[in-house]
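Residue numbers (my numbering), protein chains in the order written: chain A, 942 to 1415; chain B, 2 to 449.
A hint or two may mislead.
[As the list claims (entries may be wrong)] To give an idea of the interface, some chain A residues facing chain B are shown, with a C-beta separation under 8 Å as derived from the structure:
hint	residue
1	Leu1022
2	Leu1217
3	Ile1245
[As the list claims (entries may be wrong)] Straight-line alpha carbon distances no greater than 25 Å define the calculated SDA-like cross-link-like pairs of lysine to any residue that follow:
hint	chain 1	residue 1	chain 2	residue 2
4	A	Lys1183	A	Asp1152
5	A	Lys969	A	Glu988
6	A	Lys969	B	Arg122
7	A	Lys1010	B	Arg86
8	B	Lys34	A	Tyr1026
9	A	Lys1238	A	Gln1024
10	A	Lys1164	A	Ser1150
11	A	Lys969	B	Asp295
12	A	Lys969	B	Asp93
13	B	Lys168	A	Thr1115
14	B	Lys102	A	Glu968
15	A	Lys1294	A	Asn1198
16	A	Lys1238	B	Phe30
17	B	Lys193	B	Glu407
18	A	Lys969	B	Glu407
It should be emphasised that the hints constitute simulated quantities derived from the structure, not laboratory data. The structure presented is a predicted model; accordingly, all values stated were derived computationally and were not measured. Where a beta carbon is used, it is the ideal one built from N, C-alpha and C, also for glycine.
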Amino acid sequence: MKLLSRKATCNSHGQDSSYFLGWQEYEKNPYDDVRNPTGIIQMGLAENQLSFDLLESWLANNPDAASFKRHGQSIFRELALFQDYHGLPDFKKALVEFMAEIRGNRVSFDPNKLVLIAGATSANETLIFCLAEPGEAFLLPAPYYPGFDRDLKWRTGVEIIPIQCNSSNGFQITQSALDEAYQEAQKRNLKVKGVLITNPSNPLATTISRDELNRLIDFVTAKEIHLVSDEIYSGTVFDSPKFVSVAEVLMDRNLENTEVWDRVHIIYSLSKDLGLPGFRVGAIYSNDVTVVSTATKMSSFGLISSQTQYLLSAILSDTKFAKNYIIENQRRLKKRHDMLVSSLKNAGISCLKSNAGLFCWVDMRHLLSSNSFEAEMELWKKILYDVGLNISPGASCHCTEPGWFRVCFANMTEETLNLSMQRIKAFVDSIVATTTTTNHADTRGQRQLDRNSRRRSLTKWVFRLSSYDREPER
Amino acid sequence: MAIEIEQPSVVGLSNIAVSETHGENSPYFAGWKAYDENPYDELKNQSGVIQMGLAENQVSFDLIEEYLEQHSEAATWGNGLSGFRENALFQDYHGLTHFRKAMASFMEQIRGGRAKFDPNRIVLTAGATAANELLTFVLADPGDALLIPTPYYPGFDRDLRWRTGVKIVPVHCNSSNNYQITTKALEEAYSKAEAMNIRVRGLLLTNPSNPLGITVERPVLEEILDFVTRKNIHLVSDEIYSGSVFSPSEFTSTAEILEARNLKNSERVHIVYSLSKDLGLPGFRVGAIYSYNDQVVTTARRMSSFSLVSSQTQYLLASMLSDTKFTENYIKTNRQRLKKRYEMIVAGLRNAGIDCLKGNGGLFCWMNLSPFLETPTKEGELALWNTILHEVKLNISPGSSCHCSEPGWFRVCFANMSEKTLRVALKRINDFMEKRRAADQGILFSSL
Chain A
942 MKLLSRKATC NSHGQDSSYF LGWQEYEKNP YDDVRNPTGI IQMGLAENQL
992 SFDLLESWLA NNPDAASFKR HGQSIFRELA LFQDYHGLPD FKKALVEFMA
1042 EIRGNRVSFD PNKLVLIAGA TSANETLIFC LAEPGEAFLL PAPYYPGFDR
1092 DLKWRTGVEI IPIQCNSSNG FQITQSALDE AYQEAQKRNL KVKGVLITNP
1142 SNPLATTISR DELNRLIDFV TAKEIHLVSD EIYSGTVFDS PKFVSVAEVL
1192 MDRNLENTEV WDRVHIIYSL SKDLGLPGFR VGAIYSNDVT VVSTATKMSS
1242 FGLISSQTQY LLSAILSDTK FAKNYIIENQ RRLKKRHDML VSSLKNAGIS
1292 CLKSNAGLFC WVDMRHLLSS NSFEAEMELW KKILYDVGLN ISPGASCHCT
1342 EPGWFRVCFA NMTEETLNLS MQRIKAFVDS IVATTTTTNH ADTRGQRQLD
1392 RNSRRRSLTK WVFRLSSYDR EPER
Chain B
2 MAIEIEQPSV VGLSNIAVSE THGENSPYFA GWKAYDENPY DELKNQSGVI
52 QMGLAENQVS FDLIEEYLEQ HSEAATWGNG LSGFRENALF QDYHGLTHFR
102 KAMASFMEQI RGGRAKFDPN RIVLTAGATA ANELLTFVLA DPGDALLIPT
152 PYYPGFDRDL RWRTGVKIVP VHCNSSNNYQ ITTKALEEAY SKAEAMNIRV
202 RGLLLTNPSN PLGITVERPV LEEILDFVTR KNIHLVSDEI YSGSVFSPSE
252 FTSTAEILEA RNLKNSERVH IVYSLSKDLG LPGFRVGAIY SYNDQVVTTA
302 RRMSSFSLVS SQTQYLLASM LSDTKFTENY IKTNRQRLKK RYEMIVAGLR
352 NAGIDCLKGN GGLFCWMNLS PFLETPTKEG ELALWNTILH EVKLNISPGS
402 SCHCSEPGWF RVCFANMSEK TLRVALKRIN DFMEKRRAAD QGILFSSL
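Produce the complete structure using the sequences and hints provided.
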């Protein structure tokens, strides 16, 4: 049989990574509070399930929106036929206003500069198609969302060079890290076309500081490259520091009418803030006329269902509702976040201090048998198969320091979150109880000493837990 | 749909971004512009341009509206919004199982049960536009080519080539044998590609054909399958208009041929479908790839992440398409109505002295104005097209935009307007032709 394309047969779809393996294992044995209480709890999925009731109540009070009616009149035909890639005007207007509201109305957006497309996955890929050739590169601060390896590289042929960030300064993006990444690209003969940041960050769950944003803008200005800011989590900022969008920094620095103005692009989506990943609502925002025009045409390959555009246009046009939703959603996220952080603290586990997102960036370095990614994988598997939690190992996010994990908290009930925390505590307690030293030393030497005893104790713990209420095999 | 004015090459964007392969500078799109600027309206603008260049199906909406009226829970996630959360969260690229099953069943019904479709081989995409591009990414590398019989849908120039870097090599068909695809034409196209050092990866067929409005005959399909097997290439059969064939017995799907051959050599065959034409729902973005090749199914599924169908829309259509009583009635009634429209337009054109290719499906007819060209050239065709657009105020699609090798043919849509509007359009054509004949006679007499 004649083979398929190189794209079809390569591994750039990324689905052999642990990110997807954990998912698979979860699917085989998913936790259910009634039917499978010993199953795996999914904590690797950044979904927002906290505020559906608000949407449901709105839908119950506004039946027209989902029923193809406007002021009681059917507009079914109009919507069924509407495939204009410029998008439903009312929806774009409502969406840019929502985006502005999320930014405290410190900036405003022009609906004519917004391109609708089926999800941020599609938006990111489309934007890269517009900005870079196959073989060119984008710099991304690492750790970053594992999906980027597929979304930005697979069909576009574009490379990603990580901007290495680490825990020494809270994973902030430094000038030297930027320069090093750029030099790395040059060493590999790759032309850098831009920097892509996620702000708030996935997986760090922190907002990018104004200093860093300034640094980034100066960097892309000097190098004459693009800056793509994926602000998909912008509505999830629940604590200070306040979210600062790259759009605000451009305004504050009076950069309108300068060259860099046209090279800064924003990605947005309703998958995280509104918790509607199934509806495929993404957007590209750009000041560059050609980018908007090209991306608009390209959106033909991933238009948003007009049925969905209409529904969301109705929801978001109810600005009172939208405003209240944002506030209440953030309040609930904060509560969950605080729950997770304090429970983990109770188990002797700390998190990177965060103020956004649907997850925490958790420091489990002290639980590693050695300071290596093998040990991280070992720990991840243990947590997956023995503790019964699917969390995301830092390696899958291209983190350079082993031992960090992304743990989601908004895709389950409070009860389930509590249970997951109990399991973690039990796991950690049993390690602590059986090691010869309870000192969490930081030095590699000490850890290597602990390694053998911990391995023995972990084996014991695994056996013990198995004899309680778990199946011997998972 | 407004036309974008392209800026000259801008520093810092990709070649794809600044290329013209999006194809939007062709007359196909210029006609849109004229329509947008002066659209016909039965009440408010009776002298406006009538849009006959848009292959939409507006003749059977009432059936769908009635269904939705009687099954309102389909649009509101069940009673009490019970299914809302699960649906809002559902982004699995396998698609809603219920919906995939419904699509498979619908496709089977359209083919009168003459072919079976396994729901697990269906990959959902946001429209056939996405499906065709995706398949091209999966089956071919940049620089490779797909063979496509002419005339073909103008959108293919963008959909199959733009971002993929794949080329199209035309397989020339013409009116001498009613545009049937011959093995000779296939071999010629293949050799031409070889001579240019271009690797052919597959043949893309649209059956029923757009713009011709005719089905591919069974013996021809057999030959095509033999050809692709001989050359060891893929066959993509875009059957987007399969439900619009006026008489069900006249459509043979590639799937039927494969089943007759016990699926031998079927791993090279992929079928594209969509609800945009048969159900008239282009806005909902529902497309599908059906592949007999496991690796293609797996890869296409992963790639479909870039163009998933809204779960809200999948939910809505799952129950409707599973309702076989509804679908049987819909398919039958829709066919009848399209047939009636087709007969109306063909009769009206004949009255005006214009012949059409004998069609048996689709939302358009293939009209022959070659006797009326000033010069039998592409320029002559475009001049006549311009006249029809600006004087007769009808936007129709010139054959050259469909890569037709014979000038003077036009695609004219008949299902995207009311019967009343169609009659207005036919009257305008009739008046135009009468005027021309009178003018010709005037010239004739004056030269005596």
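Just pull the numbers of the violated hints for me, sorted ascending. 13, 15 and 18
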